[in-house]
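**Q** As a plain string of letters, each chain reads:
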Amino acid sequence: MKVVPVGRARSYLPEFAVLVTLVAAPIALPYLGFSTDLLTRVLNWGLIGLGFDILFGLTGLLSFGQAAFYGVGGFVTAYLLVSGALNSVWLALAAGTAAAGFAGLVVGWLAVRRIGIYFTMITLAFGQMAYFMENSPLSDYTGGENGIPGVPVPVLGFGEHAIRISAGLPMYTLFAVIFFAGYVLARRIVGSPVGAVLLAIKENTGRVAMLGHNVPAYKLTAFVIAALYAGLAGGLLGSFQSYMPPDAFALETSGQLVVQTIVGGAGTLVGPLVGAAVWMWLRDNLQLVPGLATLWKLVLGLAFIVLVIGLRRGICGEIAHWWSERRNYAALRAAEAATQAIEATGERIVKPSVRRARDVMLPLPSPAIGASDIALDVRALARHYGGLKAVDGVSFKVMRGSIHAVIGPNGAGKSTLFKMLLDEISPSSGDVLLFGAKVTGSGVSHAAQFGIAKSNQLNQLFPNLSVRQNLRIAALGRRRGPLRLDLLRPADSLPEVEEQVGSVLALLDLVGRADTPAHILAYGEKRRLEIGMALATSPNVLLLDEPLAGMSPAERAATCALIRDIARACTIVIVEHDLDAIFELAERITVLYEGRLLADGSPEEIRRNQRVQDAYLGGLHAHESA
Amino acid sequence: MSLLEVERINTLYGDSHVLFDLSIRVEQGEVVALLGRNGAGKTTTLRSIMGVLAPNSGQIRLDGRPIAGLPPSAIANMGVQLVPEERAVFGGLTVEENLRIAALTAPNAWSFERVYEVFPRLKERRKSSGRTLSGGEQQMLAIARALIRDARMILLDEPFEGLAPLIVRDLVTVARNLAAEGRTMIVVEQNIAAALSFANRVYGLNNGHVVFEGTAADLSANPELARDFLGVAS
Amino acid sequence: MPSWPALLSQAFNGLALGALLALVSSGLTIILGTLGVLNFAHGALFAVGAYAVFVILQYTQSFVLALVIGCGFMLLLGFLLERIIIRLFYNRPHEDQILVTYGVGIVLVECIRAAFGGNAQRVPTPSWGQGATQLGFLIYPTYRLQLIAIIAMLLLSLYLVLYRTSMGLVVRAGIENPGMVGILGINLRRTFLLVFAIGVVAVGLAGMLYAPVVAVTPDMGANFMAQSFVVIVLGGLGSFPGAVIGGLIAGEIISLTSAFNSSYSEVMLYALMALLLVLRPQGLFGSEGRV
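Protein chains in written order, with our numbering: chain W, 14 to 639; chain X, 1385 to 1618; chain F, -19 to 271.
Just so you know, these hints were derived from the structure itself, not from any lab.
Heads up, a few of these hints could be off.
[What the hints assert, rightly or not] Label-pair ranges, simulated between beta-carbon atoms:
no., chain 1, residue 1, chain 2, residue 2, range
1, W, I332, X, P1491, 53 to 63 Å
2, W, N477, F, P221, 34 to 44 Å
3, F, M147, W, G304, 52 to 62 Å
We put the CB at the ideal spot given by N, CA and C, even for glycine.
Just need the whole structure built from these sequences, with the hints factored in.
**A** Given below as structure tokens:
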């Protein structure tokens, strides 16, 4: 979805435009070679496309098996009607849609456990499985190769005055109404918190999990939504044709959906509709041209290849991109100029007086469990890799409200230890307690829900989203829990979330950059945003992994000030190599060496500790002529 | 003219600015040690030289020829060879196959026998697959791959890390022999004693800057010089 | 319970189908492992091979000659595809690679359809493959036995290339750690061209060899491609031994199931894949974390 830095009120222009198009189409388009029946078919494809675009365009999951749900919806609906089990077409449609949704739940549960090409292969395989199931084992119900003929059309009203929705304009109207309703619903889903999380999943899946969201559950939600739309469209197809064809399940069908979506533009919701219009038009009209009759698909295939190579956003996508570039041209150029200015001076313009005056208070998070003084209790944590002991039985305690540093020479096991603190990797033995609750074994999302968040050494931002949107995804995590299906409310409609985002923006001194896409920010600003995202989850314990890495001296000083500010609201654990900064910041220091705890105490104690000196100097004192 | 001249390079790792106007030089036949705490930019320097990470500005010259921005395979074929920190031994290939692939594009490749003379252990294990080798054996193989290419300049990234003291002692002997033969090397190490036992000159790095340059002998005699780029708090 | 001759017959069918799948999947898996591209044109290339042999046999009686010329044609096609299209996508996301190869597949199939129409064509069994052979109490079509033998030899050659040549060494190392291969002075991109071409030849040969057994239609490769996806998931992405063993297993599952209940034969394979995904997603020979 193209990010448009725009004001708060959502524009209803797209809905209006779609409505106008739907009304005008049967009047104007027949002159261009579109029959009413053809338009109805295009709408059917557009309907599947709405759900598919939420799965692929929004969440980034490429499925080559949507035909399975199209077919399930269609055949369940058709069978219920033709066998006499149900009289009402509307009820049968609902049943078919629900069946498709259920199938989506089962297949999706298996498929979303894998990513990338694995996911695509799995969906393709299940699509094939459904095809063969229809063909043979279930042919008593599905009619096998012959499909199910005699599917009735829907009826409005009851008794003698009931109106049968016949072919032609009435059927078109029905499809148009359903498509429009589906479109409005899809727009709301995209604009909801769920939609925001799905978009973030496409941008940076790992980060979304670290912010407390249950990523597999959200992916499954998108998958089921796509299956529901496909199932409804399948049921409608049977009514429209008075016949449910077996090729609804074919691999070709899934492929056609993908091609149409890319041609029309993924991520625009109407892309699949436009793509279907192009496909159908080419098919029906090129066939009339002598010599070109059977080549329409070849032409389409070549156009498709060219589009994927050069115009990847598709028709609607390129138009939307061009439109938003024009509208935001001035704002974007200004933002880029600001970035260059910051990077040229090599320093952030520090305005400490301004910040002190504001004295920003973060909402004090309450720990999920318990109120003891020990924020983090690390107990005999160990991690082995075969014979190598990366971390070997390390125990220490982090006191509530303190700034605690973990240092040690290379290979000491710091990053492995850090990852185990929030269960990014599982320890071989030992565990970690957060205010008495066991974090180990629960996964990063649950660790975040308990109240432990990490700022990464290498920035893990959502590059195409604005700073505000980045922070919002973070703030939504702990506020809403690991999974919440609030599909209908706007993403920015939770006042506590927006307030949290506002205070973090102020603390980071990024208010002026709130609507800038994250990838445009200067490096120092990106580092601050990285910390800010962890902060926006209202953590009880904030882990900072080398927050000063790659910074100029001025930026270091500013970041240290920021860290001290943050320490007023939560407990902080830092891993850093910049020992000068550490000795100024930390109240307590744990030293690791070769995977084991070497020392643990106040900065003065560590400074005086001879063994620590030796560890860092690599036995320089012990050096003799070897 | 030095064999290698690194001139005011700035290298980024993703978005992170790691090297700031860094300059070092290495003469033919020298062994130079790069010391510093981790995060100082030592590995990034080696990677910049090898072409794995292209510097964003500045220049690197090998024998006077500019090499910054060239792909690693091109730089390898000019006689530079990196022995990475993670060793990167091909687990699915045997020891012999690892050596064979290393020798493929080397015009003056050593014979297997000559390599086995330096590392007899590898000869015993020559049919074993890479993933079955111990840490020390993997390190030997990684260095052997550089040797079989007859590399003019070998970049060693933490060659002694994680190895038992006995193995470190053996490897140090190998390194000292290579140095004595006149092979040019740059060594990044945390084990200062080991590094200084065969290095000629030392650069100390801190936060992506060179903060110290001197001879190994000087540093050994006056360890307090190392305090601000190696020690714990100034 | 089916009779012994029926079971044995299906077991041999399974070997033939399995050998075919092994060949198709080997090509797919080495392209995936080396170039990182999942080739969605693989099914179309299968059909191209079958039609190539159909055309060549109009001009010559010798099936072997047709195979050789067909190989040359597939090699050229593979070259052109890599140079013109595939190489543009090495740095692009996986989804884009899938999409563009899918597009190539559509174009190839439509070209076939345009040239030959959609009706099934027949490729005659070679003269040396006609008739049936007596195997104990079983009488089995001779050509299918020869098919198994020929494919076995082809897979053996592929094995020799991968494990006994320098190029194979580079390919195997490149699948594991492409960066290190570059550091050792080897330009891996140059190998991509050859690997892609070999993969295309492999699947094309499968199509050529299969042509006498079945009706030759433009869509004949689609189902094979879907099945080869299951095979490489079963065998482990990027693993040549996995593709071979996985192919044989898949072939046997399909054929033996059909001895008991022909309507479930295809479905069983996908059900196995579902099970695998839950229990052992990296497959037989794949490495964890390649997901």
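**Q** Each hint needs a verdict: does it hold in this structure or not?
**A** Do the hints match the structure? See the list:
Here the CB-CB span from I332 of chain W to P1491 of chain X is close to 56 Å, well matched to the stated 53 to 63 Å. At roughly 42 Å, the beta carbons of N477 of chain W and P221 of chain F sit within the given window of 34 to 44 Å. One distance hint, 52 to 62 Å for the beta-carbon pair M147 of chain F and G304 of chain W, is violated here, with the actual separation near 46 Å.
Of the numbered hints given earlier, the model fails hint 3 alone.
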